[in-house]
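Undergrad: Respectively, the protein sequence lines represent chains A and B. Under my numbering, the first residue of the first sequence is numbered 20, with each subsequent residue one higher. Under my numbering, the first residue of the second sequence is numbered 20, with each subsequent residue one higher.
Because the hints were derived from the structure by calculation, they are not lab data. Worth double-checking, as some hints may not be accurate.
Which copy is meant is left open, because identical chains are indistinguishable; a pair holds if it fits in one copy or across any two.
Said to hold, decoys possible - Computed list of lysine to any residue pairs in SDA-like fashion (alpha-carbon distance at most 20 angstroms, straight line):
(1) K199 x H238
(2) K199 x R175
(3) K199 x W44
(4) K199 x G272
(5) K199 x T267
(6) K33 x L101
(7) K33 x G215
(8) K199 x R263
(9) K33 x G243
(10) K33 x A80
Here are the chains, one letter per residue:
Number of protein chains: 2
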Amino acid sequence: MPNQAVADVVARLKSGGQPADLQGWRSQFDAVAGGQPMPDDARFQPIILGGVPAERVTVAAAEEPGVVMFFHGGGYMFGSSLAYRALTAILAAATRAPLLAINYRLAPEHPFPAAVEDTTAAYRAILESGTPASRIGFAGDSAGGGLVIATMLSARDAGLPMPAAGYGISPWLDLSCEGKSFTELAAVDQLMTADGARGCAAAYLQGSDARHPWASPVHADFTGLPPLMLQVGSTEMFLDDSTRAARTAALAGVHVEMQVWPGMPHVWHLWPSILPEAVAALAAGGRFLRERLTPSLTQAM
Amino acid sequence: MPNQAVADVVARLKSGGQPADLQGWRSQFDAVAGGQPMPDDARFQPIILGGVPAERVTVAAAEEPGVVMFFHGGGYMFGSSLAYRALTAILAAATRAPLLAINYRLAPEHPFPAAVEDTTAAYRAILESGTPASRIGFAGDSAGGGLVIATMLSARDAGLPMPAAGYGISPWLDLSCEGKSFTELAAVDQLMTADGARGCAAAYLQGSDARHPWASPVHADFTGLPPLMLQVGSTEMFLDDSTRAARTAALAGVHVEMQVWPGMPHVWHLWPSILPEAVAALAAGGRFLRERLTPSLTQAM
Chain A
20 MPNQAVADVV
30 ARLKSGGQPA
40 DLQGWRSQFD
50 AVAGGQPMPD
60 DARFQPIILG
70 GVPAERVTVA
80 AAEEPGVVMF
90 FHGGGYMFGS
100 SLAYRALTAI
110 LAAATRAPLL
120 AINYRLAPEH
130 PFPAAVEDTT
140 AAYRAILESG
150 TPASRIGFAG
160 DSAGGGLVIA
170 TMLSARDAGL
180 PMPAAGYGIS
190 PWLDLSCEGK
200 SFTELAAVDQ
210 LMTADGARGC
220 AAAYLQGSDA
230 RHPWASPVHA
240 DFTGLPPLML
250 QVGSTEMFLD
260 DSTRAARTAA
270 LAGVHVEMQV
280 WPGMPHVWHL
290 WPSILPEAVA
300 ALAAGGRFLR
310 ERLTPSLTQA
320 M
Chain B
20 MPNQAVADVV
30 ARLKSGGQPA
40 DLQGWRSQFD
50 AVAGGQPMPD
60 DARFQPIILG
70 GVPAERVTVA
80 AAEEPGVVMF
90 FHGGGYMFGS
100 SLAYRALTAI
110 LAAATRAPLL
120 AINYRLAPEH
130 PFPAAVEDTT
140 AAYRAILESG
150 TPASRIGFAG
160 DSAGGGLVIA
170 TMLSARDAGL
180 PMPAAGYGIS
190 PWLDLSCEGK
200 SFTELAAVDQ
210 LMTADGARGC
220 AAAYLQGSDA
230 RHPWASPVHA
240 DFTGLPPLML
250 QVGSTEMFLD
260 DSTRAARTAA
270 LAGVHVEMQV
280 WPGMPHVWHL
290 WPSILPEAVA
300 ALAAGGRFLR
310 ERLTPSLTQA
320 M
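Construct all of the structure, not just a fragment, from the sequences and the given hints.
TA: Here it is in structure tokens:
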């Protein structure tokens with residue numbers, strides 16, 4: 020069934036011509052996605068967490084049950100807290116908690132595992148500032164959805180406590196691109212291409228093993244991870260990143276929830292000004308995080 | 020991690036000795052599960068729907084956005100609205116709608132497709148009484164979780180409109196028992212055995228094809244089905260009934276949500292008097308149904 024709003028999103032992303040270089044592409048993505056209207060009460064403040072630049076996103080309704088670390092997507096090569104302001108403001112409102120959008124280093128200038136090192140350093144800094152792990156949630160989309168789980172694995176390896184929960188939006192969890200949907204849905208995916216994904220993986224890995232758990236968490240052991248929520252569109256090449264990760268989580272005894280939204284394109288959440296499904300999905304993900312940052316809510320359910 | 024409450028549930032189910040015949044097993048299940056305390060405000064009234072006996076379950080808080088049809092489990096051989104009163108009362112409260120627990124005919128006296136014929140006849144009667152399909156939700160556990168989807172497929176084949184949503188609790192969606200978890204988790208499943216499941220399948224099918232879509236919806240085409248929620252325990256042999264059905268739903272463009280709850284036994288929801296996770300899971304499932312029986316709630320999310 021054709022969805023004009025989805026077509027508008029795709030057209031918006033493809034607008035702006037062909038920038039001459041990587042920096043041009045990055046700026047264009049920041050301008051197109053970051054140029055959406057956003058809630059009047061949203062505030063964005065630059066901060067540094069463990070040496071890593073970040074942006075603190077708050078809305079007037081925040082009740083501060085904790086904080087949400089947000090890892091943006093963009094194939095490890097693009098994206099920034101600026102591009103994601105419309106998304107992060109709505110997620111902060113849904114979670115009713117401040118959000119910390121982490122501007123980790125990007126590839127190819129900074130290959131694997133630079134991104135994981137940065138998100139882990141920022142997490143460590145938040146813990147050391149006195150916020151207990153039980154009051155910290157992770158969220159991220161696409162490559163940043165991979166970082167949600169990769170950062171948990173890295174933190175586990177470093178002996179750090181687990182955050183309260185993780186929320187992956189169209190998460191990219193397999194840089195080896197082995198999911199059946201990667202080929203089966205290539206023709207129906209509205210946004211992504213196999214060449215595009217493989218190009219990003221190569222630029223980020225630069226020879227590192229694509230099956231390293233921090234690069235492709237779908238191949239990892241999830242033992243000890245906190246509750247996870249994964250959302251993915253039914254026509255995404257990345258569908259089976261989520262279906263496989265859900266099973267991996269289940270077999271490791273991890274509470275996992277997966278939602279498949281029909282016909283939505285990769286990271287539809289990025290377009291709350293166009294797609295009502297973006298707002299609805301962020302509401303569900305934000306509620307999942309909020310209930311786990313505020314255990315009394317879960318007990319009262 | 021040992022969970023004493025789960026051990027108590029298993030002991031409760033295995034209490035009562037070895038009845039001499041099938042009717043003895045049925046009565047024992049009704050007595051053990053149906054003997055739990057239940058909410059003071061719950062009311063149970065016998066009714067007939069399309070010639071099928073049923074029980075109408077209401078609680079004082081009901082706002083009546085619609086009705087929920089409930090299909091009990093028990094391998095198509097056991098179970099009744101009586102055994103499920105603790106569960107149905109809590110689900111009615113969570114949905115804030117009256118619940119109609121359908122006492123479909125059981126095997127081996129009434130083989131496949133008697134159960135599907137009965138649930139479909141009851142659904143048709145509710146439609147003919149003037150309740151629109153958009154105000155009807157389906158829910159069911161184990162074999163009844165299979166009936167949630169089988170009844171949708173049967174209704175679709177008969178040209179009836181789809182209900183608003185379906186909620187499967189540890190659904191048994193594959194009578195051919197082909198899920199990987201059926202063997203991989205056989206040793207850790209606290210309640211079920213392969214012989215037990217295969218025995219029930221044989222008693223119900225009596226030679227019919229186990230891969231018939233009404234018997235094993237996991238092999239069906241889900242095109243046109245309404246939003247589905249599936250909940251399953253991480254140590255259940257039936258885990259992959261849900262993981263496969265979630266993928267089948269996704270590829271058919273059906274909105275699907277799957278939740279995996281760590282360490283919970285098959286249909287833990289049946290024990291709200293022992294397991295807090297039963298109440299929490301029914302709250303989540305009830306909320307899913309309620310939001311779809313009351314579209315303005317979803318739009319306001």
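Undergrad: In ascending order, which of the hints set out earlier in this document are inconsistent with the structure?
TA: 2, 3, 9 and 10
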